[in-house]
Each structure stands twice: as structure tokens, then as C-alpha cells.
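Asker: Sequence:
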Amino acid sequence: MDSRTNTWAMILHLSLLAGYAIPLAGLLAPILIWQLKKEEMPELDAHGKMAANFIITMIVYSLIAGVLVFLVIGIFLLLALAAVGVIFPIIAAIKANDGVLWKYPLVVQWLK
78 MDSRTNTWAM
88 ILHLSLLAGY
98 AIPLAGLLAP
108 ILIWQLKKEE
118 MPELDAHGKM
128 AANFIITMIV
138 YSLIAGVLVF
148 LVIGIFLLLA
158 LAAVGVIFPI
168 IAAIKANDGV
178 LWKYPLVVQW
188 LK
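Per our numbering: the sequence shown = residues 78 to 189.
There may be inaccurate statements among the hints.
Straight-line Cα separation of at most 20 Å, PhoX-like style, residue types lysine-lysine; simulated pairs [to be verified]:
id	residue 1	residue 2
1	K115	K189
2	K189	K114
3	K126	K189
4	K114	K126
5	K126	K115
6	K180	K126
7	K126	K172
8	K172	K115
9	K114	K172
10	K115	K180
Pair by pair, the computed Cβ-Cβ distance ranges are [unchecked claim]:
id	residue 1	residue 2	range
11	L188	S80	21 to 27 Å
12	G176	L156	29 to 35 Å
13	W187	L148	33 to 39 Å
Please keep in mind that the hints were generated in silico from the structure rather than gathered at the bench. Beta carbons: idealized from backbone N, C-alpha and C, even for Gly.
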């Protein structure tokens, strides 16, 4: 990948964090970047799928943790998900800037 594609891949992964500032931005921004740039930069398609899989998986895990809050363990799961929701996109962005497609751990590959 060239440096321009690496930069867009990094931005795509970091845009997952936008939801902490603007509601729903963390869901929409990565998908918009992916869809708008994947034709121009085919290598970006894999990063977009990876980010979308992360979003979907985090929603599923959050719903499960939300139900488990009544058993107390869900509180700890939600805290862990909050940490993962910040740390994993940063790691993916750093790797993307280096031209590496990093697979988010524990993420279900909904989109292949």
C-alpha cells in the first residue's frame, strides 16, 4: 500500500473513536470512509470490512453484557468492552499506518 492509502486506513480505524465525541459517529464514520474510498483504494476494502466487523461484534457483545448486568458480571464485561473499544482501534490505526492489516482479536468475521 502507498502512504496515502495507509493514511486513509489509519483514519478509518481512528474514526471508530468519533462516537465518544459525537453520538453514532463511531458507527457511521468508518463505514462512510470505507464506502467512499474503497473503489479509489482497493486495499482499503479489507480495512473497512475489519472495522465494520468490529462495530457489529461490539454491538453484539454489548447487548450480551447489558443482559448480564443483572448478574453483576455484565458490569465488568461492559468496562472491558469500553477499554477494548478505545485500545483496539488505536492499535489497528498504528498498524494500518505501517501498511499492515491488523485483525481485531475476538471479532467475528461477519463480512468477508
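Asker: Now tell me, hint by hint, if it's right for this structure.
Answerer: Structure-based check of each hint:
no.: 1; hint: K115 <-> K189; in the structure: holds, 15 Å
no.: 2; hint: K189 <-> K114; in the structure: holds, 18 Å
no.: 3; hint: K126 <-> K189; in the structure: holds, 7 Å
no.: 4; hint: K114 <-> K126; in the structure: holds, 13 Å
no.: 5; hint: K126 <-> K115; in the structure: holds, 10 Å
no.: 6; hint: K180 <-> K126; in the structure: holds, 10 Å
no.: 7; hint: K126 <-> K172; in the structure: holds, 16 Å
no.: 8; hint: K172 <-> K115; in the structure: holds, 18 Å
no.: 9; hint: K114 <-> K172; in the structure: holds, 19 Å
no.: 10; hint: K115 <-> K180; in the structure: holds, 18 Å
no.: 11; hint: L188 <-> S80: 21 to 27 Å; in the structure: holds, 26 Å
no.: 12; hint: G176 <-> L156: 29 to 35 Å; in the structure: holds, 33 Å
no.: 13; hint: W187 <-> L148: 33 to 39 Å; in the structure: violated, 27 Å
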